[in-house]
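Could you put together the complete structure from these sequences and hints?
Listed below, chain by chain, are the residues.
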Amino acid sequence: NAGVTQTPKFQVLKTGQSMTLQCAQDMNHEYMSWYRQDPGMGLRLIHYSVGAGITDQGEVPNGYNVSRSTTEDFPLRLLSAAPSQTSVYFCASSYSGAPGRADTQYFGPGTRLTVL
Amino acid sequence: GNSVTQMEGPVTLSEEAFLTINCTYTATGYPSLFWYVQYPGEGLQLLLKATKADDKGSNKGFEATYRKETTSFHLEKGSVQVSDSAVYFCALRRGGGADGLTFGKGTHLIIQP
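Read top to bottom, the protein sequences are chains X and Z. Just so you know, the working numbering puts the end of the first sequence at 116, numbered straight through with nothing missing. Just so you know, the working numbering puts the end of the second sequence at 113, numbered straight through with nothing missing.
These are computed hints drawn from the structure, not numbers from a lab. Careful, some of the hints might be misleading.
Said to hold, decoys possible - Selected chain Z positions facing chain X (in silico; Cβ < 10 Å):
1. Phe34
2. Glu42
3. Gly43
4. Asp99
5. Gly100
6. Gly106
What you are looking at is a predicted structure, and each value in this text was computed from that prediction instead of being measured. Quick reminder that beta carbons are idealized off the backbone N, C-alpha and C, glycines included.
Right, here's the structure in full:
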């Protein structure tokens, strides 16, 4: 049971380049999400998905796209990278909560992205 | 909207000292509350959680009690070790499935031998 895995661990891009951050989980979790972590800001939600074929925006979605074609995978795409997207990106997954129930989210190891 | 406020630090303590990291929250409804820990160069690990008022979460000697009357979830440990040096995040999540976590900004804890 690998939990939540992310690739790559490190990436350097030039402004305007595109790339996809990969995220996979093997816990059969319905809910998956992407966060970015910036110094002094904590973690902020970018996009999330409550199941295959369903995605929605979080707090800071601009500049990012997501899709969810399978339960296991939830890639994050940067279409045209900007220096403001330099950050550490974390993927997380959990069971979808029944009404009134908020399940624990499990985090991947993170991807450190630098945009020059 | 939801928000979490925690002391930002860095907090520097000597080994075996008593630790308190304050956390207060604002949320509608009845959120679940979490403490996550991030060791240098690693991702976030769940430390403990509480899902309803007056619940106490505990793990590895750390404790936190869900206080609805003061909207708080303070993290405590009776005797810290050098290995506890890390960044600690308080977070909340509302029930219902669609909400992600709302995080505080994190508290950097440094334990000196």
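Structure versus earlier hints - violations, ascending order: When the structure is compared with the hints, none of them turns out to be violated.
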